[in-house]
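Asks: Chains as they are written, first to last, in the working numbering: chain A, 691 to 1063; chain B, 691 to 1063.
It is possible that part of the hints are untrue.
Pairs count within a copy or across copies, as identical chains cannot be separated in the list.
To be verified - Only pairs whose alpha carbons sit at most 30 Å apart, straight line, appear in this in silico DSSO-like list of lysine-lysine:
hint : residue 1 : residue 2
1    : K975      : K958
2    : K746      : K699
3    : K958      : K746
4    : K948      : K807
5    : K948      : K1007
6    : K807      : K958
What the hints contain is simulated information worked out from the structure, not anything from laboratory work.
Number of protein chains: 2
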Amino acid sequence: MANLAPFLKLSPSPRVRTSPFWPGVVDAGVVSCSVYNHMLLPTQYRSPEEDYRHLKTRVQLWDVSCERQVAVSGRDAADLLSLFFPRSIETMVTGRCYYVPAVDQFGRVLNDPLILKLASDSYWVSIADSDLILWIKGLSAGLGLDVDIHEPDVSPLAVQGPLSARLMERVFGPEVVRLRFFGFDRFGFDHRDYLVSRSGYSRQGGYEIYVDGSENGMTLWRALMDAGHDLDVGPGSPNYTERVEAGLLSFGGDISSKNNPYECGLGKYLDLENADRCLALEPLKRIREQGPERMIRSLSISGPPVPNCQDPWRLSKNGEFAGKVTAATWSWDHNQNVAIAMVEAPYWDAETCLEVELPDATAEATVRSGFFS
Amino acid sequence: MANLAPFLKLSPSPRVRTSPFWPGVVDAGVVSCSVYNHMLLPTQYRSPEEDYRHLKTRVQLWDVSCERQVAVSGRDAADLLSLFFPRSIETMVTGRCYYVPAVDQFGRVLNDPLILKLASDSYWVSIADSDLILWIKGLSAGLGLDVDIHEPDVSPLAVQGPLSARLMERVFGPEVVRLRFFGFDRFGFDHRDYLVSRSGYSRQGGYEIYVDGSENGMTLWRALMDAGHDLDVGPGSPNYTERVEAGLLSFGGDISSKNNPYECGLGKYLDLENADRCLALEPLKRIREQGPERMIRSLSISGPPVPNCQDPWRLSKNGEFAGKVTAATWSWDHNQNVAIAMVEAPYWDAETCLEVELPDATAEATVRSGFFS
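Build the full structure now, drawing on both the sequences and the hints.
Replies: Right, here's the structure in full:
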């Protein structure tokens, strides 16, 4: 399949929404975007290498408004979530985030969101790129449950990078840096309370601020930018190279509704012993017992820097299909091409050598024992 | 809100899929794309005016693979569809397409698809830009219905423009041009049968070929291109100016799940007298009785050509909110700016003059009695 034309422009459309931070994003010199949950997701500001090195040494503001919230509340809220999240909802702790795949009744992954427990009858499901709200609404309508389901006007702004704590405490006060990983609480800024979690789609540490009310977006963006001059704060985005190194998955790219959680390497986030109400309990138990037939793996790819991976690249061994690469990039820190791939069981052991079909060449791919941490 | 930076590039991602026709699209010189149903949707090849004039005088091939099909089949298929399409499913005729809004139990529009009735227990729901499959799956799971729901490997290729019939009969034979509007049937090409409908997202006439099996896409693309040299066949796409002139709506842009079908001007596609099973029957009857509070309207906007409408533009009358423009463009054929807007009831009468807030100016907008046909 032909590669994406590198000059391709993105058409404007009200169908693809901008964010509350958009004026700041444009001022900061955004170069490219993707589309995610019907919104623009900025993806690059400076060169890919500059964005990457800056993230790993400084602190960045990311417009990740496209991580939309599905607010689920009411008497049957926990019961409803129990039907498609394969773990106990009741034992979740208020004020904490949980990464759990959402599954249909066959155990196929519909999305890999974070769940934020706001109260025993109130949750935010912070979604990856699919309209999970439609599944939740449909299931609830079919069962006639007593629950309110809507997308609030809440737009996450991520503060990521090793200097993120220093920036955050200047704006939200010293209490904010006491948050534990995946904890959240409310912190004051400019006479308003903001829900802040210690979380984010990088391994560099950071926070996500759930900005409630689009009209408040730019005040916060500017305050964070202004407070961090000496920290070299700058704009950034979920970083492709950093996330491939770390093995942070992209729903719709690396994994999809064709996969079960075990194939995605997400088995550790399931708790089937406390998921009696889950519609997929029996299928998931069967898959766990039999073991998955393929699984997400970290790869190295030989040779010079690979191009962007638009359509998945075929992996083979002696001509036999061995899997597919879904994300690949040159790693400046590790001086090699790194990749995320869905690899078939006979080929997934560490050190297995495979052949990968790049758009205009073939190269050697080696299965690694794990991702870079 | 700031306008979309005109230079914005689209990042490649396997999360945003290419189509079976992609090599042809790139060869034909695609300039820009949007993202629709997690796929690339080509939006421009030559200048906007050249694309527009060519569509209105010749014949174009459109890669509209992003119009995905949700295949619903099985014993309970018609019953399931009856729950969220406010009309009779049973009385639909096999071999015909139906444009009907899909609604939730409150009567809010979830998508505005075409339904293709393949058999009394088998339907394709050809969707606009939202994951309607998740609503259908959720509703079915909640009710425990006996139905199969999946997205087949089917990618529509549209042939649009006044010369489309002449091109189609050269490839599919003389029978294909006997199709009536919104009829479909199977026609042979290259030893395979293709489902072809007389339909498409333009008012210039044309067909949609539902290519079953991605591996067949380029053979058909090339055959149509080769057969139409003397007809000046060329690449094209759903044309922004032509669709705004004609009032063809864009779900997620002009209308959304905040709207009911009457607000969208889609009341004529409902048949509440034969929609007893529809979950939204009572809310829709109430809205019909009370009348909607706002409605889609055609507008003219004074002055020189307006820029692209990224974020909706506010309409007002003496300072009062009067609605919002969601799509606007210079019409070369009509020598004026034309627009689609959701206009509040007190202001929706034809000839009402309103003020519209463009990104960098204000202009006069006049409500028209209807769209250009």
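Asks: All the hints need checking, so say for each whether the structure fits it.
Replies: Hints versus structure:
no., hint, result
1, K975 to K958, "within (13 Å within a copy, 49 Å between copies)"
2, K746 to K699, "both (29 Å within a copy, 24 Å between copies)"
3, K958 to K746, "within (27 Å within a copy, 57 Å between copies)"
4, K948 to K807, "both (28 Å within a copy, 26 Å between copies)"
5, K948 to K1007, "within (23 Å within a copy, 51 Å between copies)"
6, K807 to K958, "within (20 Å within a copy, 43 Å between copies)"
Checked against the numbered hints above, the structure breaks none of them.
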